[in-house]
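There are 2 protein chains.
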Amino acid sequence: MAQHNRSEELFDKQLESLSNAIENQDSKAAIQLLEVVDLDRVILLVDRLDTEFRKQLFELLDPERAAELLAQVYDFQGGVIIENLEPEKAAEILTNLDSDDRVDLLNELEAKDSTAILEELNDEIADETRRFMAYPEGTAGALMYSEFVSFQEDMVVSDILDDIQNNQGRYSEFGIQYAYILDTAKRLVGVLPVRNLLFAKRTQLAQEIMIREPITVEVTTQTNELENLFEEFHFLAFPVVDSKQRLLGIVDREASAEAVQEAATEDLLKVQGLMGREELRSMPLHLRSRRRLSWLSINIVLNLISASVIAFHQDTLEAVIALAVFLPIISDMSGCSGNQAVAVSMRELSLDLISPKEFRRVFFKESVLGLINGTFLGTLIGSIAWLWKGNPMLGLVVGAALALNTTVAVCVGGLVPLLLKAVKQDPALASGPILTTITDMCGFLLILGLASLTLPYLV
Amino acid sequence: MAQHNRSEELFDKQLESLSNAIENQDSKAAIQLLEVVDLDRVILLVDRLDTEFRKQLFELLDPERAAELLAQVYDFQGGVIIENLEPEKAAEILTNLDSDDRVDLLNELEAKDSTAILEELNDEIADETRRFMAYPEGTAGALMYSEFVSFQEDMVVSDILDDIQNNQGRYSEFGIQYAYILDTAKRLVGVLPVRNLLFAKRTQLAQEIMIREPITVEVTTQTNELENLFEEFHFLAFPVVDSKQRLLGIVDREASAEAVQEAATEDLLKVQGLMGREELRSMPLHLRSRRRLSWLSINIVLNLISASVIAFHQDTLEAVIALAVFLPIISDMSGCSGNQAVAVSMRELSLDLISPKEFRRVFFKESVLGLINGTFLGTLIGSIAWLWKGNPMLGLVVGAALALNTTVAVCVGGLVPLLLKAVKQDPALASGPILTTITDMCGFLLILGLASLTLPYLV
Chain A
1 MAQHNRSEEL FDKQLESLSN AIENQDSKAA IQLLEVVDLD RVILLVDRLD
51 TEFRKQLFEL LDPERAAELL AQVYDFQGGV IIENLEPEKA AEILTNLDSD
101 DRVDLLNELE AKDSTAILEE LNDEIADETR RFMAYPEGTA GALMYSEFVS
151 FQEDMVVSDI LDDIQNNQGR YSEFGIQYAY ILDTAKRLVG VLPVRNLLFA
201 KRTQLAQEIM IREPITVEVT TQTNELENLF EEFHFLAFPV VDSKQRLLGI
251 VDREASAEAV QEAATEDLLK VQGLMGREEL RSMPLHLRSR RRLSWLSINI
301 VLNLISASVI AFHQDTLEAV IALAVFLPII SDMSGCSGNQ AVAVSMRELS
351 LDLISPKEFR RVFFKESVLG LINGTFLGTL IGSIAWLWKG NPMLGLVVGA
401 ALALNTTVAV CVGGLVPLLL KAVKQDPALA SGPILTTITD MCGFLLILGL
451 ASLTLPYLV
Chain B
1 MAQHNRSEEL FDKQLESLSN AIENQDSKAA IQLLEVVDLD RVILLVDRLD
51 TEFRKQLFEL LDPERAAELL AQVYDFQGGV IIENLEPEKA AEILTNLDSD
101 DRVDLLNELE AKDSTAILEE LNDEIADETR RFMAYPEGTA GALMYSEFVS
151 FQEDMVVSDI LDDIQNNQGR YSEFGIQYAY ILDTAKRLVG VLPVRNLLFA
201 KRTQLAQEIM IREPITVEVT TQTNELENLF EEFHFLAFPV VDSKQRLLGI
251 VDREASAEAV QEAATEDLLK VQGLMGREEL RSMPLHLRSR RRLSWLSINI
301 VLNLISASVI AFHQDTLEAV IALAVFLPII SDMSGCSGNQ AVAVSMRELS
351 LDLISPKEFR RVFFKESVLG LINGTFLGTL IGSIAWLWKG NPMLGLVVGA
401 ALALNTTVAV CVGGLVPLLL KAVKQDPALA SGPILTTITD MCGFLLILGL
451 ASLTLPYLV
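Protein sequence lines correspond, in order, to chains A and B. Quick note: the first sequence uses this note's numbering, first residue 1, plus one each step. Quick note: the second sequence uses this note's numbering, first residue 1, plus one each step.
Please note: incorrect hints may appear among the correct ones.
[Said to hold, decoys possible] Just the calculated beta-carbon pair ranges, DEER-fashion: (1) B:K13 with A:E208: 39 to 49 Å; (2) A:D159 with B:S243: 44 to 54 Å; (3) A:R131 with B:D38: 23 to 33 Å; (4) A:V368 with B:G449: 38 to 48 Å; (5) A:N24 with B:P136: 44 to 54 Å.
Note that these hints are calculated values from the structure, not bench results. Backbone N, C-alpha and C fix where the C-beta goes; we use that ideal spot for every residue, glycine too.
Assemble the whole structure, with the sequences as input and the hints as a guide.
Now the structure itself:
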């Protein structure tokens, strides 16, 4: 406990020192401070700096050092930093990043910001970056990097070893594990695990010791498929090729695993009502408010639509006011039951355990489950309603409404993600609102409709 | 389209062939079939097999082949398979798995099932497995594997090279990248990247060419910290040591990234109301129903508690029946606003961008945001209520209730995950129900309380 407080005190001091260094334009002091603290503290310091100081820090550091720091923080932190800098300054820093990091950061920005920065990059880097940015999210193209070592197939082992020794510094920077062997048309013809050079004669040709017909992935390969390939073959990386088998880049295990992780995190944020870029509390208030409101505004309209069902049944409700107690319960419980089915469908979709066309399977599996759980919950709530008001018909109405609506909710919840996927929409973002609107309307209709049918027994 | 249908037809045929092979106890046909299809189809086939056939398949295959198949399917599929087998059979198969896969699968089981299987394993493997299983989830200990190559510090390079050449088959199986150098007390004193052997003289000692004072992680290191270390140092793996610097295992980048991904996925399932093990639609109905109900049952009780607020204000509601329309809206909208704040807190906690003790920061950041968004939403809904019934006071009551309750919801939503984390509970599982119960009660109280105070102007 004491230690924890001390570390918080220490952090406050570090933040103050860093702020002071920035205020005094003392880049040496800032660099020194950032070098002595652990990475998690660096990330936290960048998060907690004043927006203005944060900007000044990246202007203060030389581009190489700034790029290093940018590579350390999370992408969405980096995005906020980059978009606040002048495009020239941003381009200078991005030039010093690896190709995949550069692409990731630019993808965090709005189109107009990234375009402005791309214009400031040198032509070669800009072209490559634009090409990499064009590969859609969730494909191998979007995950690959262009830093790899390749040799011509007719090179001899001793020349390759010389090249490796001469370029040790540069190669070890991108952690060389495999070398890629190309023919004269730059088509990939083989892969050479660098450690195989240990067992090779120095006079052999690359093509003699390389692994022929290497397993490659196309730029369009989906992340899911990529994960399966990494699972199936114990390689650290796959070469990414175009349709003519020309080597475009490398995608490694880590990038693939990270992409799956990011997709899961994004889904988590979306199902909880956060659209677009990630929110951190260190972001400007107006941005946070606007992003959250954009989601809430859609929701309130949907809420009004479903509540209109109640408005049309005010007479029934007025006659049996006790029903008003059960309206929010029906709404909330159906939402919960439906969301469980949404989660299972989203999960099965993301694991390719179900195709978006398998409506019948989902409907069958969910309707049976919905009937069972609906009967249980309906009986419970019906009994409570009966006991509370001593009116068995009230219990029947409330119980039947919840039972039926749970069945509906579970089926709708299971099917909506499939439907959205089939029309190429994002299940994480839209399933919840669609589900609750349907089940609210249906639930209110059921309880108030059943009540109006049995009104003589209720009053 | 036509092709897709053909591939579905093909899958149905494969499933039938596999089922037939199992029914006829024809292990050769089953193996042949599983070998010619892609991994994603293997996974789907195992998912779609009848539960009984699935069990028989794993009894039919020889343990080594069964282990291979088990390593290919998802852990939660594997868990279901293993728990259906006789413990002796399960142990036979698990013996053929890598240590980390074995531990992962046993961790999927209930304690009584895993204990039964552990008793059937040979003592050495069982001891190691128990030791590995004891490391808590989310630590390096739970992610490490025990398959690594180590040499004594006084070995010469030529002996090391001989050993590598002699054991090429076994070593390449666990993709050797680093060798670990130990002193006589089995303490880790250095790391030797295998490719460095390329540059070494054959007469040098391991201790001369190894990297000294290697960066190690302790078994208790948290996944988050591990991810930061992988980010900071471009290593493929870290050695995991005990407090006496003895080498216990290896944790690699991939395992670390996967652990983070699994945590995100688990959180996603939990916030949507799925507790415990993952649900697949191929699981038995009673299991799926029971697991979902366990969550719903808690929720319905919480719902009854919050709805009781309405029951206590029936008189007010009877006097102003229009309020009944707004009760579900208040409940749903506050839930949505609060869940956004829950998501941001969960995200900041998982990234270590906030400590569970920073209540004040979260409260300050959220209350301002809540007031802004609440005012917007309250004005909107208040105006609609006013226009609908032509009663400005109704608009004021409804609008003020939503505005205030949004502020409450956003603060509560931001704080609850911190509070749960501080008392070592799981924010993903409990935040939602706690949030909605508090905000429902508060919301109903606000709208009905404000209405009863202004009743003369409402009727």
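To see whether the hints hold, each was checked on the structure:
1. For B:K13 and A:E208, the Cβ-Cβ distance of about 43 Å falls inside the hinted range of 39 to 49 Å, so the restraint holds.
2. Hint check: A:D159 to B:S243, Cβ distance near 48 Å, so the stated range 44 to 54 Å holds.
3. Distance hint for A:R131 and B:D38: a CB-CB separation of about 29 Å, consistent with the stated range 23 to 33 Å.
4. Remark: the range hint 38 to 48 Å for A:V368 to B:G449 is upheld by a beta-carbon distance near 43 Å.
5. At about 46 Å, the CB distance of A:N24 to B:P136 agrees with the hint of 44 to 54 Å.
Violation of the numbered hints given earlier is absent; every hint is satisfied by the structure.
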